[in-house]
Every structure is written in C-alpha cells, then in structure tokens.
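Peer 1: Listed below, chain by chain, are the residues.
Protein chains: 4
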Amino acid sequence: MQTTNILSHADKYAEEIVTIRRDFHKYAEAAWREFRTTSKIIQRLQKEKIEVKFGLDVVNPDYVWSYPKEDELKEHMERAVGQGASAELVEKMQGYTGAVAIIDSGKAGPTIALRFDIDCNDVLENSNNDHRPHREGFASVNKGFAHACAHDGHAAMGLITALVLNEVKDRLRGKVKIIFQLGEEGDKGAQSMVERGVVDDVDYLIATHVGADKKGVKHTLYASVAGLFSTTKFDIKIKGKNAHAGARPEKGNNAILAAAASIMMMNSFLQDSNGQTRLNVGTIQGGTGRNVIPGECFFRMETRGQTTEAEQRLYKAALESVASACKVYGCTFETEKMGFAPSAEADPELVKYIMDGCANVPELGAIKEALINTGGTDDITLMMQRVQEKGGKASYMFIGTEQYGDAHNGDFDFNEDVLIAGVKCNLAAVCHLMEK
Amino acid sequence: MQTTNILSHADKYAEEIVTIRRDFHKYAEAAWREFRTTSKIIQRLQKEKIEVKFGLDVVNPDYVWSYPKEDELKEHMERAVGQGASAELVEKMQGYTGAVAIIDSGKAGPTIALRFDIDCNDVLENSNNDHRPHREGFASVNKGFAHACAHDGHAAMGLITALVLNEVKDRLRGKVKIIFQLGEEGDKGAQSMVERGVVDDVDYLIATHVGADKKGVKHTLYASVAGLFSTTKFDIKIKGKNAHAGARPEKGNNAILAAAASIMMMNSFLQDSNGQTRLNVGTIQGGTGRNVIPGECFFRMETRGQTTEAEQRLYKAALESVASACKVYGCTFETEKMGFAPSAEADPELVKYIMDGCANVPELGAIKEALINTGGTDDITLMMQRVQEKGGKASYMFIGTEQYGDAHNGDFDFNEDVLIAGVKCNLAAVCHLMEK
Amino acid sequence: MQTTNILSHADKYAEEIVTIRRDFHKYAEAAWREFRTTSKIIQRLQKEKIEVKFGLDVVNPDYVWSYPKEDELKEHMERAVGQGASAELVEKMQGYTGAVAIIDSGKAGPTIALRFDIDCNDVLENSNNDHRPHREGFASVNKGFAHACAHDGHAAMGLITALVLNEVKDRLRGKVKIIFQLGEEGDKGAQSMVERGVVDDVDYLIATHVGADKKGVKHTLYASVAGLFSTTKFDIKIKGKNAHAGARPEKGNNAILAAAASIMMMNSFLQDSNGQTRLNVGTIQGGTGRNVIPGECFFRMETRGQTTEAEQRLYKAALESVASACKVYGCTFETEKMGFAPSAEADPELVKYIMDGCANVPELGAIKEALINTGGTDDITLMMQRVQEKGGKASYMFIGTEQYGDAHNGDFDFNEDVLIAGVKCNLAAVCHLMEK
Amino acid sequence: MQTTNILSHADKYAEEIVTIRRDFHKYAEAAWREFRTTSKIIQRLQKEKIEVKFGLDVVNPDYVWSYPKEDELKEHMERAVGQGASAELVEKMQGYTGAVAIIDSGKAGPTIALRFDIDCNDVLENSNNDHRPHREGFASVNKGFAHACAHDGHAAMGLITALVLNEVKDRLRGKVKIIFQLGEEGDKGAQSMVERGVVDDVDYLIATHVGADKKGVKHTLYASVAGLFSTTKFDIKIKGKNAHAGARPEKGNNAILAAAASIMMMNSFLQDSNGQTRLNVGTIQGGTGRNVIPGECFFRMETRGQTTEAEQRLYKAALESVASACKVYGCTFETEKMGFAPSAEADPELVKYIMDGCANVPELGAIKEALINTGGTDDITLMMQRVQEKGGKASYMFIGTEQYGDAHNGDFDFNEDVLIAGVKCNLAAVCHLMEK
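If you read the protein sequences in the order shown, they are chains P, R, C and Y.
Each residue of the first sequence is one higher than the last, beginning at 22 in the working numbering.
Each residue of the second sequence is one higher than the last, beginning at 22 in the working numbering.
Each residue of the third sequence is one higher than the last, beginning at 22 in the working numbering.
Each residue of the fourth sequence is one higher than the last, beginning at 22 in the working numbering.
Be careful, since some hints might not be right.
A pair holds if it fits inside one copy or across any two, identical chains being indistinguishable in the list.
Claimed, not checked - Calculated cross-link-like contacts (lysine-lysine; reagent style DSS-like; alpha-carbon spacing at most 27 angstroms):
#, residue 1, residue 2
1, Lys164, Lys373
2, Lys272, Lys337
3, Lys164, Lys262
4, Lys196, Lys457
Treat the hints as calculated values from the structure; they're not laboratory data.
Chain P on its own, in the form it takes in the complex (with noise of 0.2 angstroms):
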C-alpha cells in the first residue's frame, strides 16, 4: 500500500469535516440521547453505500447504565427530528443510539476497529462572543448540553475515516470497523456495545482523542494514553424516616447524618499501595425542613483508582460505609451504578505500529510514545480490555491541538485544522497495520 497516496484522499474533505463537527455541534446530544447525530452519520454513510449497523445490532440493551426513563427519551427523539434527524432511522434505532460502519476489503488481513465517540456534555455553553461557536453562530442550540469535549470532532473525524478507507477499499486488507460509540461521558455506553460483541472478532482496536497539549504544541500524536484509570459511578440514596425535631428528635432515622457519617468514612479509605485512588461525592441533596429530622438523603458518586484492583476496593468500601452509616442512624438505602471503566494499559506492539505509521502524517509536529494520564478514564477500556482477552491488542491515542477554555467547560473548542491530522492518524495506523 502506499500510505501517502490514501493520506491525501482526506484533504479533499477538509471543509465537510468542519462542517459536519459544527453541525454536530450545534445539535449537541448527551448520553443515551444521540439520536440526531446518529442518523446523520448513519445517513451519509448510507449515500456512500457503506455498510452501518445500528439499533439491537450494536447495543445490548441487558447493559446499560444511566439509561433514560422512557418520557425524556421519547422527548430526546422527537427533539432529534425536529431537528433534523430521519423519522424512519429514529424509528429503526429502538431506543438505542450509535453506530459501526464496516469497510471490509474482502481479502484475508486483520479486522481493526477505530472508536470514536459521539455524546456532548451536560454543559450550558457560553453565549458570549469570546466564545467562537456563539460568535460563528454554532453555538447549541439544546439548553444544558454542549460538546464541551471534542466529541463533535471525533464523530466528525470517524465520518470521514470512513469515507476515504471506503474510497480506496480495494487496496485494503481485512476488515475496518468504525464505532461511533454513545454516552461515553460518564462511562456509560462502551458496555452495551462490548456485550452486543462489537469488538469481539477485533484484532486491533484504536481509540482516537483530541485535547491540549501540556506545552500548547500543536499535533503532536501521543500514540497511547499511559494510566487510564478505572473507575465507578453510583447512586446513593438513603432512606430514613422524618420526626419532629424538637418534639420527638429520638423518632427519626436521620438520613443526612448517615450520608454526613458515611461520607467522611469513605474519605478514610484513599491510600492504596496498587495505585493512586479517587473519590468524590460531587452531588448531595437531602431533606424536607428546617425543623424535620431528615427523612432522606441523595448522592451521585464516583471513584477512581489507577489500577481496577485499587479503585474496586475503594468503590466497596464506600459502599459498605454508607451500609454501616445507615445501619447506625436505622436507615436503609439503595445504590444504582451509573457507569464504569476498568483501567486499561496500551500494548506496546501496536503502540509501535502506530508511531511508525504515522511518521507519514504532514499534519503531525511530533510524536510520542505515551501521554501520561493522571486521574482521567473513558470507558474505551472496556473495549481495550475485551479486545485483548480475546488476544487482540489496542491503544489510546491522543492527538495534541490547540484548546479555548477547559474540557467539561462551556467556554471549551479548538483548532479544527486537528480534524483531517486526526482522520490521517487513523488511517495511517490503518495501513500500516494492513501492510505488516
């Protein structure tokens, strides 16, 4: 293969691919609800006659965390296609977003699975004219979400990696899978897809992330994301029993000094010899009055840990704190999991093949072998961790660009010239994958 001649196949996109991030963006879906976005892709796809599954075919619906009472979904649908997505695809989708093209040359040779990922945040973005996407007028238009984490430009870029592998299809081997994966904040969606089997057959599997680079360098690839951290997040809810507070203090069962109890005991529990450890509690809500013993408490939680062995005792002990607190204060309580992602390493092998594949990217200032993750996690690691059970192997990478605001934040963007080098990484570690 000549991996130069396919890279130039992208330029010619360089202004859809803006197009298409900025379409995305305006029309910026969260988790579960990426229906609009997941029949646009499906239908440019389809006009190139290329292969999309969707729908049950790609999710398990027995896996999924977080997923959305049926009103606000069928809300998110409608919305959807009053804004443009196909009735019909809607329809079709089943309640279930997300996509996987496939480019299969049809010839003997790996089957490679690129994932990028397609959800927004729960940000309110900005709406002053610092911020480009208001001033350019691609700003959201759906009050408290945002892509406020690139995804706009990952779906983007999986669009168009698409596109260009399906127009030099006859000069590939095996098999592209391209995974336009849902609801990744919050590590909620990968598992749905991992347990329909998407990446079952995958021998090589390439995730793909733009974000600042520490130094403001622009494009350099760091071709895996060392450290990924596994994580859980989780519901608490305590249930007590309301009293007089001055009369009959002694009837309650007080539900915010059970989480108040619980909470500074998880705290306790952060030293780890396998690995640094997070927890936080981010969202408490608990109460009826003033002068009510209160009868209830929430919480929406979450911990971290470098290693899975780290973060799973951690998760257990917090939960057992909230269990003894409210054993104390004769409360019960129930939790819900609301996401996860074990912590996941690169292999070194394709490690090495990405970074010699993409010395042929123009777009790229530098490469590296690793950027350094320090707390961060995506549930790609549950694609990464299924893949290589079944002897595959999979990497992270990460490509540096100039950033506007931080990520999670409704002043985020970034310099779009990323698209098209991140769409040439990809398909640079394609082809040289195909050609070893």
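Starting from the known structure of chain P, arrange chains R, C and Y on it as the hints suggest.
Peer 2: Then chains R, C and Y, alone, in the frame of chain P:
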C-alpha cells in the same frame, strides 16, 4: 364586672367565627405574606370602628428574619388583592403584615395584650375526602401553603374577641391590645413587633394556642405552657472551589466534605446540664456534578434548648464547627439568621388569675396549671421576655381539643367548637384581671 | 417510741465515729477490694453481738461487673491483712466484700434497710498541708486510692447507726438491715447484692449520702434525690490488623480510625425527648507504632440518661456505632459491661415520713423535699427498683455539709460534724417509720 | 585501576564481617542511642589508623528530631559502656552518635560518600529457635530493641568497605567518606549530619540497603530506588479540660473528640495528582477516667508522599485538621516534628556508573536500573537533596537477598552472604567513578 354575662356575648358569633376561620384557611398565607388575612382582619375591625394599627406602626423593618425578596413579595401582594384583599390597605401596609387592635376603656386599669398568630405553614394540604377542609370546600387554594397549625382559628378567635370586648367596652377598665402576629412559624415575626414597642406598655400578656390534648380530652385549658424551648433558625452557605475530581482533586476545596465534617462535629455538643438541647440540619444541597469536586454546599438548620443558655451555647458550637471545618477544607461560609426565640416561663401569679377567671367558661372540661412542653418553640417568648423585663407578667394558654392529623401535616384539622371556647377563655382572663 | 431519746444515744459516739471514718480513710480500698474495711465493720458489729452476714451470703457472684482478676484480688487481700484485717474473716469472705448487719426486734413491724457504701475512688490523694487528712496524718496510705466521695463517712455512719439501734433494740418494732454496700463507684456492686436477695424482704429502703449543699448551708437534709440518672459503664476493644503504613496501608484494618468514626457517630445520638442524656468516651489507647497501621484500640466509656429508656437507647446506639464502624474498617470488637444503674425516683410517701421524722434532729438547719440531681448516678437505684418492684418504698437522703475540694478529687474532705447528724437522720427516719 | 583486583581484597573479611554484624545485632541500639555501635566502629577504624570524625564534628545539635531526654540518654551511655563501648570515646561523643571515616588518596579526584545506617528498631526480637539470631546466640540482649531492618549488616559493610579502601588507598584518586549515619529509623538523624555539612563537599553520594527481592532472587543489584517517598513524622498533644461527664459535661473541653474529629478530617486529604500519599495516626492515648470528660489526648502520626509537594500538602492539612478541631472543642494543641525526609530521585548518570561498575561483582545474579519503591522512606533523601543542590549526584542502591521474616518484625533476618556482595558493590562503584 359580671364575667359570665360578658362571656355569653360571644355565643352569637358562633357561626361567624367558623366562617372567618374557613375563609382564612382557604386563602392560607405564610410568614411575611399574610396580606389578605391582615386586610380582612383590619376591614372587620374598622367596620366596628375599632382602632387598629398596622404596617410600619406595628413592625420595625430593621428587625426582620427570613424576609422575602422584593419580587416574591410583590407577587404575594398581587395574589392577595386578587383573592379579595383591599388594594388600598395592602398598599398602606408598606410590605409588612400583622395588626394590633386597641380596645381602650378610657378608664384607669391594666393594659392587657392578647396574642393571636395568623400565618400558615409551607405545607401541601391533603386533597382527599377524608380531609374535611377538602370535602367541605375550604381547603387552601394557595398550593404549598396550608393552615396546619390552627393559626386560622387563632386569627378568627382574636377577631371575635376584639368584637366582644368592643361591645362591652364601657364595662372594662384599662386597655386591651389584640395582637395579630405575623410570621410565628419559624420564629420569624415576633421580633419585628417587639422592636416596634408593641408590648412595651403591657402589664399582662396572654397568648393562645389550640391543639390536641394528650389524653384526647376536649377543651382542657392549660393556663400556661411550661418549658418553651429557645431556638435559633439559620442557614449556612459554604463556598469552596470546583476542580476535576480525577485530574486535579487537590485543586478543589470540597464544600460537601466541609459540610459533612461540620455536621458530625456540631452533633457532638448536645449534652448540657443547663437543659435539653436539639440540633437539626434539616436540608442540604450541594455540588454540581458527579465528577467535579463540589465547590458549594448549602444547608438549613436550627438549634433548640430548654434554656436560652444551653441553646445559645449549641448555636455557637454549630457555627464554630462550620467555621473550623471550612478552614480545614479551604472554604469560606456565610450564615444568615432566619428566626429566633428565647426560652420563657409563665408568671405563676398570672397563671393563677387565668385559672381562676376561666373557671367561669362553661365549654371547658378541665383547667390545669401547665402543659409540659418538650422541644416546641414559639416566638411569643420574645414578647413574654420583653413584658417581663418591663415588669409585666406573661403566660401562654393552651386549649386542648379534638385534633385530626398531626400539626404541620397536610391532613391537620381540628374541632371548631374550640373557637368560641378560646374566645371565652380570653374574655374570662381579661375580665378577671380587670377585676383584681 | 420516744425518738428524741433514741437520737441522743448517738451523741456518745461522737468521738468514735470520727476515729472510724479516719481509719477507713487512711486505708482506702476501691470497689471489690474493701477487705480491710469489711473486716473492721464485721469485727466491730460482732463485738456487740450484732448479727452480720457477709461473703456469699450477701453477694451473688454471678452478677458482678468489673470484678478484678484473681492475682490482683489476692494482692489486695494480702495488703488488707497486712493493714489490720482479720485473716480469718478475709478468708471467709471468699473474695466478696460488703456486709449486712441485722437488728431484729423480734416484734412484728416493717423491715427497713439502710444503705451505706464503703468503697473509695481511684484517685491520688493530695499531700500538701492545705489538705487536712494529710496534715493530720490520716491521708490514704494506699497510693492511687482515696476516699474522695465521703464513703468513709458513710461506712462510719452505718456502723454507729447499727450500734445505737442495737442498744435500743427492745424499743423497736420489725427489723432493720444495715447494708454496707461494696463497689458503688462505677455502679458496679449493688447488682450483686440485689441478686442475692438482700433487699427482697424490705418494706422501706433509705440510702444516705453527704455532700456540699449548693448554697453552702450546713446540714440541710434533702429527704430525696430527684432525677437520679440511669447509666451503663462499658469497655470497647477494637481489633483490626497491623500493616506497614507506607508500603501496604490497604492491608491494614485501622482500629484507631474505626474508633474515631464510631466516637463521632455515637455522639450524634444525644437528643431524646425522654430526657437528658450523657455520653463519654473517657479514655482511649491504641496502636503500636507511628508507622504501623494500628491494629487495636481500646476505650472506656459510659452513657447516662434522665430515664432508663433514653439511656438505653443511647447505649445501644453507641454499640451499634462501634459495630458498624468496625464493619467499615474490617475490624471486630468486644465489649464488656462494667457497671449499670437505672434511673429511679423516690416514693413521695416515704419522703414525707423522712421529713417528718427528721424534724426531731437538732443538728439540721433545714429540711427539704428533694435535691435536684443533674447527671449523677448511684447504683442504689438498682436496690430502689427491686424494693419498689416488690411493693416497698425507697428514698435516697442527701445531707448537705461543708465540703472542701470537689468530689472525686485528691483534695476532697468534709466537715465531720455531719457524721452524727447523719446517724441521727437515719435513726429518726427508722423510728418514725416504726411508729406509723 | 583494576577494579577486579580491588574487589578481591574484600574476600578475606568474609568471616569478620559476619562477626561484626552479629556483634552489632546482639547489642542493638536505637536512634540517638548507638553509643556502643559507634564506639566499636571508631575503634576498628582507628586500629587501622583511618581518619574518623564523630560527635559534634559530624552532628549539628541544633537540627535534631526526637532527641531523647538527658536521663534516658545517660542510661543508654552507661549501658553501652557496660556492654563494651569505650568510656572515653562515649564521653568524647558529647551525646551524639554516628561517625564519618575519611579515606583520602591525597590525589585529585572526586569526593565520594558512601552512607551506611547503624540504628536498630524499637522491636522485640523473637526468642524461638526458628529464629537464627536466637538459635545461634546473637539475638538482641537489649529488650525491646532489635535490628529488624539490616542496619547491623549495613554498619558492618561500611566498616569493611573502609578497611579495604584504606588498604588500596594509594591506588585511589580523590576522597571517600564513609558515613555511619545515626537514627535512620523514623527519619530522624540525617538532618543533623547534613546540617553539619557532612555532604557539602560530596560529588557522588551512594547509599546501600539490603532486603528481599520481590521475586526471591538472590543478590540482584538495583542501582537506584525510584520513588522514595517524602515523609514527616510528628506528634500531636491536645489539651482540653476535664469535667464531670454526668454533672457538667458542657464545662469540659473534650480532647478525645477533638482527636477523633481531626483524624476523620485529615484522612480526607489523601488524593493528590502530584502522587500517592499516606497518612497514619499510629498510636493514640487520652483521657483519665471513664466518667471524666477527657482533657488530654496524644497521638503519634506521619505523612508520606510520592512527591514532597504532595506530602507537605497532606502534612499541612493534618495540622490544620488538628488546629481546627481543637478550636471547635475549645482545646489547644502542641505539635513536635519527630523526623523528616523529602522525596528524591537518583541521578541517571550515576545510576549508569553504578551499573557499569558493578558488572564486575561476581556475587551478583542480576543488575537492574531501579527498584520501584512504594511507600517506603529513608532520610538519605536529605543527603541526596543536599548533594544535588550543590551540583553533585546521588543514588540509593538496593541489594536483593534472601530474607526471613518481614522488615520491622521480631523474626527478621537475612542471608549474610549479601554482606561481602554489598561491600564489593560499593568498592566497584567507587572504583568506576574514579576511573571516569
């Protein structure tokens, strides 16, 4: 004076007092918002040419707790007018509800104040047919506000007591002030009337509350409430700093942890040989997202004590707990006092007068010296304290009756027979005091 | 009976009672270890041929709290003999101190029990010349043990009371039991006597305590102590697992953290409408080295309550706090009950008899119905409860006197004039009860 | 230089090095108390006319942590002399142990320092026959003190290294300083030597530690220890006020509650993206009696961190937790720093020299770049830091061997074959550095 004759004057109001109580019940208004109730009281008094003071004449705006924001207040004024308040009177109130009727005999004699509170609770009234107010069409039309502590009855009693006293004015000595107190719930309103001097000239202060007798007996008069607790109502707003919970947890200042630690600490200050104490963090709300170190946490709380000394010690310990926990977690905090009432004890001499005077009330089944209170509060204690400081005497009568549902609950109601009985107890006490 | 005549019999013991008290003071013995004191009491009683029971006749060894280890006990027996106890009597005690003298008139009449406690405190007595026992040579020679709660005086009073009653036996009716109770400090000993049936036949039980009157007035008799608190004394031993604090912190089970968390939690159970409560973790000891996750922690604690119900609720909450915190930190725990006394109230009828009878005691300056207790405990309540359960009546007299230093402190002392006064109060009460 | 020849000089000391190690083992001495060990070292060096400095020449008394009280020190000096130390040398030490031998070639060249620590642990040595030191009669005769971290071996190695270097002095360039460091356990002693300038002139600093290799392999040289943690050792003494727990609990200032609250709070500061951290409250002791609000509480604690930055943040948070909890409970506190070591990293260039040089050591089975440390600390880092600040280079070698029992436990022992291997590693490194 012939007390018995005077008492019988009340009987002709038996129907009107129920009508008034149900009207107040239907248009329930919470603390600082009793514009319609106040307007109706003033109008009825003025119809009989009874002197009545209100607005800034009875409230000192420099001493208000939990006073609503301007917008909200305006909304309530408009609602009140829409529900039948006099627009002219509401305007004259200048934002402050409550009223004081004055029945001046013109003859030498004691000044006696009778206190009736008029505000409702922040409670959603029941809407099933087991609940008489709903069944008979006088349930609250103001959603989320309901008379669940009989203040509708108290207000009606005060009004009829004023009418009767006015009828027999020439037979009286001295002066009677009927205080229609705003905002008793949450111990918010009495201070503003005390600091306007409403009770500065009072020789005898008698307050009235109706409620369930422990033994279910109907119409027992307790000539005093013993052991009224001191209380402080206050809010705490902790301000920390958000940070990414995975990437840079140490950059955050965790307001939920500061809250949890302070709550645990303040709860360890409840033993005091100066009397029983109570502490309650009734509601809590904090944080913005699961994966963000929470930068703010807000809670509503209260302290109570058998003695003001014990309560104030606890209140200070609670504030110090918050201040110190905030220091540990690098947070700051603001606190706002939302209500206060000291502890107070009735004067035995006045209690005896009430008992003797009420021996003439035919509706009473029994007369007792004192109801032993545990944990309850009423900011009438601020008025009692002021009267006692000035050399006067004070007591708080409790009239037992049949009660349905618990106080401060959506299904609260009571047997309206107690209304005329309550009027007569006030009349009997006034007459007996004037005779002495 | 001529009470006054009988009272005057006490006067001739004015010198001996001081001698006895100082002897007991000098050889102070703590709970379960009062071998010498018991021996001296028995010897003096037997010298007058007064019937006296002791050892397993007055103590049920199945109901002992905080009973010392065998070695320690033996040491104390030997010390006692070395300090003048009868070796023969000590052997007959079979390890259990305390005694009951019986003055049986042989005539029909009530059985009256008088309780005097005899143990000292675990306190180091002052050794400066401001402290009379030191100055006058009767300070404790048993280091770390001192009579700092007047039980030396109580024991002397009981002895002289027995001698006087014995002298006038033919003038009495019924029977008097003088109970020399072991181990009152820490509420340890009464149970063992109650469970041997010592008060099962008692119609009237009167206990005596001397102490400072609040107003410093000398010799006021309070015919009862109102509001004796319930209490449980108990130890907690938490067992975790040591681990290297740097290398493998997660391998440890941190007993100090389990203790800290449980202490914070148990302190949040102090509000109860059933009465005031108290909780104290009085001592704590844990861990082995700075850099070792501590695998053990031990603490001594107690709960108290105005009512047994409130106290027992708190006691259970404390145990549950420990149990649950241990579960969180992977620890186990053991608890041992070291003492217990319920709350108890005097019988008004008996209180009246005591007041009337003691009107004849010339040494008294005033006679009052009740001393209001706040927070104090005495396991006389176990005896009171048993007597009351069996249909008898009980009270606990308090005789105010001049006091130097605080109770339970090394500088405690009192005006010995109260001793004969106390004897006479007991005699007067007995005589009046027999006259009725 | 012919490194190999020089190394072979060590072989003749194979017997003596074991004898010395066992002698130090038998007369184990803890930090600041190593009078006999120091005396023996000095005597052996002086026998060979090797220059040796000690006492105030190598220790700055203004920079000592955990220094014992005078009485205790005197006792240890006397014990040391009784166990064979030179009384004259002990006196010359002026209270400060440790020594520095100097082998000066007189020729130009680098100054190389080799550090060997000499203190034992506060550990009770096993006395059963499974434990070789006991079986073979060299177990510690100083009860409660035992070499359970191989410093006896390190001291012996240092001594023999000095002897060999002295023998071949004329073949050397530059200067070698053999530092016999006092008080490494608890990170107490290095500071006092650093602040006397002991390493101020050093170009290369190499420290040695022996211990179990993870894989059980014998004699692997790790040319550096990566990730030495920073640590602070400190004591906290909380002072409150006693009060009767029943009668006047509110009069007390509860030091145990202050301790419990501060312990819970400080344990919530363990997550830090600057590296892993550790916190341990290793021992606690507080209170005087069960029924006394505890007026004092003392605890020994430490913090650790992968980076000094993370550790110091935690240390400050711990102090602030104590300060703030004391404020809440009306207590005061004192804190004393008992030891400190920063984190430190080896210089790669020196690591390479060590690896290359040690290639000549026949006893080694493998040579690796770094042992990854997790959680361990050694105040050698203070020396490393000083050397690096002055432009020198430093590393900390770890020599894996067969180990019996865990470090810091009473059954610790190791295969003494490592002793000569360790001497040769030091010699090889020195020679290679001088050759460069």
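Peer 1: All the hints need checking, so say for each whether the structure fits it.
Peer 2: Going through the hints against the structure:
Taking CA atoms no more than 27 angstroms apart as the test, Lys164 paired with Lys373 passes in neither setting, with 43 angstroms inside one copy and 59 angstroms between copies. Taking the closest pair of Cα atoms, Lys272 and Lys337 come within 27 angstroms of each other only across two copies (15 angstroms); inside a single copy the shortest separation is 30 angstroms, beyond that limit. Taking the shortest Cα distances, Lys164 and Lys262 sit within 27 angstroms of each other only across copies (24 angstroms), while inside one copy they are farther apart (37 angstroms). Taking the shortest Cα distances, Lys196 and Lys457 sit within 27 angstroms of each other inside one copy (14 angstroms), while across copies they are farther apart (56 angstroms).
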